[in-house]
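Could you slot chain E onto chain P? The hints should help.
Read top to bottom, the protein sequences are chains P and E.
The first sequence begins at 0 in numbering that gives the first Met the number 0 and counts up by one.
The second sequence begins at 0 in numbering that gives the first Met the number 0 and counts up by one.
Honestly, I wouldn't trust all of these hints.
[To be verified] Dumping the calculated DMTMM-like pairs for lysine to aspartate or glutamate here, alpha-carbon to alpha-carbon at most 20 Å:
hint, chain 1, residue 1, chain 2, residue 2
1, E, Lys32, E, Glu525
2, E, Lys32, E, Asp543
3, P, Lys51, E, Asp243
4, E, Lys280, E, Glu525
5, E, Lys539, E, Asp506
6, P, Lys51, E, Asp237
For the record, the hints were derived by calculation from the structure and aren't laboratory data.
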Amino acid sequence: MADAALQGRDEHETTTGLPHTKLAMWLFLSSECLLFGALITTYVLYRGASTKGPFPADIFDIGYTSVSSFVLLASSLTMVLSLGAAQKRDFMRMRLWLVTTALLGMTFVGGQVYEFTAFYREGLAITTNLFGTTFFVLTGFHGVHVTVGILMLLSLTGMSFADRLPEDPAFPVEMVGLYWHFVDIVWIIIFTVVYLIPTGPVGK
Amino acid sequence: MASVSVPADRARGIRRPTALTGFWSWFTTIDHKKIGLLYGAAAFAFFIIGGLEALLIRSQLAGPNQTILNAAQYNEIFTMHGLTMIFLFVMPMSAAFFNYLIPLMIGARDVAFPRINAFSFWLFLFGGLFLYSSWFLGGAPNGGWFGYAPNSTTDPTSGMTFYALGLLLTGIASTAGAVNLGVTIINMRAPGMSFFRLPPFVWMGLVTQLLLVFSLPIITVGLFELLFDRRWGTHFFDPTQGGDPILWQHLFWLFGHPEVYILILPAFGIFSEVLPVFSRKPLFGYQFVVFSGVAIGFIGFGVWAHHMFAAGLGPVANTAFGISTAIIAIPTGVKIFNWMATMYRGDLRFTAAMMFSVGGVAMFVIGGLSGVTHAVVPADYQQTDTYYIVAHFHYVIFGGAVFGLFSGMYYWWPKIFGRLLSEGLGKLHFWVMIIGFNLAFGPMHILGLQGMIRREYTYPESLGLTFWNQISTLGAFLIALSVLVFIVNAVRTQVRHRALASNDPWDARTLEWLTTSPPPVHNFDEIPVVHSLDELWHRKYAEDKGGRLVPVQAGAAEERSHGPAHAIHLPSPSYWPFVAALGLPTMAYGVIYSWWVVGLGVVITLVGFYGWALEPSVAE
Numbered sequence: 000m001a002d003a004a005l006q007g008r009d010e011h012e013t014t015t016g017l018p019h020t021k022l023a024m025w026l027f028l029s030s031e032c033l034l035f036g037a038l039i040t041t042y043v044l045y046r047g048a049s050t051k052g053p054f055p056a057d058i059f060d061i062g063y064t065s066v067s068s069f070v071l072l073a074s075s076l077t078m079v080l081s082l083g084a085a086q087k088r089d090f091m092r093m094r095l096w097l098v099t100t101a102l103l104g105m106t107f108v109g110g111q112v113y114e115f116t117a118f119y120r121e122g123l124a125i126t127t128n129l130f131g132t133t134f135f136v137l138t139g140f141h142g143v144h145v146t147v148g149i150l151m152l153l154s155l156t157g158m159s160f161a162d163r164l165p166e167d168p169a170f171p172v173e174m175v176g177l178y179w180h181f182v183d184i185v186w187i188i189i190f191t192v193v194y195l196i197p198t199g200p201v202g203k
Numbered sequence: 000m001a002s003v004s005v006p007a008d009r010a011r012g013i014r015r016p017t018a019l020t021g022f023w024s025w026f027t028t029i030d031h032k033k034i035g036l037l038y039g040a041a042a043f044a045f046f047i048i049g050g051l052e053a054l055l056i057r058s059q060l061a062g063p064n065q066t067i068l069n070a071a072q073y074n075e076i077f078t079m080h081g082l083t084m085i086f087l088f089v090m091p092m093s094a095a096f097f098n099y100l101i102p103l104m105i106g107a108r109d110v111a112f113p114r115i116n117a118f119s120f121w122l123f124l125f126g127g128l129f130l131y132s133s134w135f136l137g138g139a140p141n142g143g144w145f146g147y148a149p150n151s152t153t154d155p156t157s158g159m160t161f162y163a164l165g166l167l168l169t170g171i172a173s174t175a176g177a178v179n180l181g182v183t184i185i186n187m188r189a190p191g192m193s194f195f196r197l198p199p200f201v202w203m204g205l206v207t208q209l210l211l212v213f214s215l216p217i218i219t220v221g222l223f224e225l226l227f228d229r230r231w232g233t234h235f236f237d238p239t240q241g242g243d244p245i246l247w248q249h250l251f252w253l254f255g256h257p258e259v260y261i262l263i264l265p266a267f268g269i270f271s272e273v274l275p276v277f278s279r280k281p282l283f284g285y286q287f288v289v290f291s292g293v294a295i296g297f298i299g300f301g302v303w304a305h306h307m308f309a310a311g312l313g314p315v316a317n318t319a320f321g322i323s324t325a326i327i328a329i330p331t332g333v334k335i336f337n338w339m340a341t342m343y344r345g346d347l348r349f350t351a352a353m354m355f356s357v358g359g360v361a362m363f364v365i366g367g368l369s370g371v372t373h374a375v376v377p378a379d380y381q382q383t384d385t386y387y388i389v390a391h392f393h394y395v396i397f398g399g400a401v402f403g404l405f406s407g408m409y410y411w412w413p414k415i416f417g418r419l420l421s422e423g424l425g426k427l428h429f430w431v432m433i434i435g436f437n438l439a440f441g442p443m444h445i446l447g448l449q450g451m452i453r454r455e456y457t458y459p460e461s462l463g464l465t466f467w468n469q470i471s472t473l474g475a476f477l478i479a480l481s482v483l484v485f486i487v488n489a490v491r492t493q494v495r496h497r498a499l500a501s502n503d504p505w506d507a508r509t510l511e512w513l514t515t516s517p518p519p520v521h522n523f524d525e526i527p528v529v530h531s532l533d534e535l536w537h538r539k540y541a542e543d544k545g546g547r548l549v550p551v552q553a554g555a556a557e558e559r560s561h562g563p564a565h566a567i568h569l570p571s572p573s574y575w576p577f578v579a580a581l582g583l584p585t586m587a588y589g590v591i592y593s594w595w596v597v598g599l600g601v602v603i604t605l606v607g608f609y610g611w612a613l614e615p616s617v618a619e
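Okay, chain P solo, but in the shape it has when bound:
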């Protein structure tokens, strides 16, 4: 990401015609696929393996998490709107949508913090049982990824105010967008696997 400005100058000279940063971002995201793949696999392998409660059905509030998931998905839309504005060099709208995206992301992370606290009060800590271990680590890893994304969005906004964006301002927005959409898509899978698919009988 950081090298986008540096590379912007001679990007048309690359062998494939793709900017280095875009290629690197796709390689990085493909690596991330395996990271989340291994984490989700761990969760799935251990579904229903907890020897004691609380169990998912005791504790999940599907309605609440659906709303916060919707908030995160909505942020993908605002991310696209921001990119569209950047491509038209409409910097006011670009910043507006960048900040909106970050705010939606913060709402999601805030919701996650609230959810974690609520679960903790109901007796589910990371050490309580295998469900707590796998749930907090998987969703926590995702939450950290969203947080890093928020940092990038706000940094981008700050750089645009300081007039530090490269000649093609849409490029860094597109790169942060790639990361942001990836993190959103991962959440769709996590939400489905963790919350929506009911856990089978305990101890199976």
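Frame of chain P, contents of chain E only:
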């Protein structure tokens, strides 16, 4: 984040350093060649340390009931020996060759992300130092390089916490480096350098980087789970709570087997460069060598459970992985036949580089054959956790990868340092090393089949294992002697100012020999235009009507210079990769000692990355 503030005169960020020479320039350099040298120097230092650990192991095992090391120390020493040789020597030494040579071989001026390159190096170095600091902070990792749970999760010392964090640090460094070099190969080739004109070393480099990109995240998850189990009492590998230690084995070997190819493919690339040059023939079946390397990369992800035959996965899984393991021997065999056919009826020159390549291929074949015996599941039950396995992987990793790396050192030394290593000392190095190597690891096959168990710190005299253990120890010290010969050779060459190397001392085939020895900062005065595989060779030689080689007129091979190089803008050095890399080990210490230190590490990393993002692209 003080560094983000912009001074009133809108000077963009902190000024970049400008010095390209001198002691401090090594800390700020983003030149792929200097970073390659840093990787090489650090990796060689770790090689010496790992070698001393090996000598301690062999001294302890030189006779029955020895007490040079106690059991606890022995566990630490063999664990650190494995970690050092794999993660701190072979991988970074391969990275050294890739860093230095890939841009030169594809006709580029640098890698795609020079500062990320520097970041990768510093993080690797800090990760290695972090691992070694464990000796002074309550004990080194002691659960083997594979760190099997629940032994690794329940060990009372902090050694395996250092293991998890240290490997996470070097893993992040390798991932960043792999993305960088992968993009470089795909996206920075000189005009005309299509994929099937890439030198085979670059192809193997590409496969290696992709293996790293796809296998490291898996071990990352395993290491995080191990860390959480150890540090925060989670239950990932805790059978009392429903956890399954076998999950660790899957996560580890899903990384661990591709890792084997990460270690060996760079050496395969070196063999594929050295053998044609010293046979004065093109590489036989270039496409086959390339595709078999790609096939090894793919199939390498489908064989991991052959490390776990004795874990009780059941007959179906064991059979499937036995078959896939036998299959992966095919592309490997294809390569070996290609190398033999390259040499067949060639105009062979047995230089030190050539001897190390031929010796490396031969030793790898022995290791490969004992590897095929592991694919036979019932036989593997007998071999598991015996010295037969130790013999096997040393023939592959030392006999294959390390011989390959030494071959590369003799081959590219004149390009990198501008001076030729002594051939006489090089050949002495080769013969002492290959004899010592076979004495050290050959007897381990016998010891293993006699039932000598891996990782036991001593053995009783009544087992009759003493003789071959003594031979093995003798071999280990011969290897050490041969490394000493190499060091003497290297120091003599540089200090006594031995013969200067020409641009192309070996009459080689690839682009790095087109530029000066050592290459200028900008690599090529003019980026070469590539017309064929073995571009440099075809610039030097043509075939007459009878198919005989005739030299093209003198001077045609030299790159024509259209004026001085002052028009080439290279990015300036930078402080920030060093700073950003410093933050991560700080966080790692924090995880062990205090959240405040974690916070400090986060701040250092953020300062590093913001400074990085905001600094100007050239010094003003």
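Against the structure, the hints come out as follows:
1. E:Lys32 / E:Glu525: Judged against 20 Å, a Cα distance of about 18 Å means the pair holds.
2. E:Lys32 / E:Asp543: violated (38 Å)
3. P:Lys51 / E:Asp243: holds (16 Å)
4. E:Lys280 / E:Glu525: violated (28 Å)
5. E:Lys539 / E:Asp506: Between Lys539 of chain E and Asp506 of chain E the Cα gap is close to 9 Å, so the pair holds against 20 Å.
6. P:Lys51 / E:Asp237: holds (14 Å)
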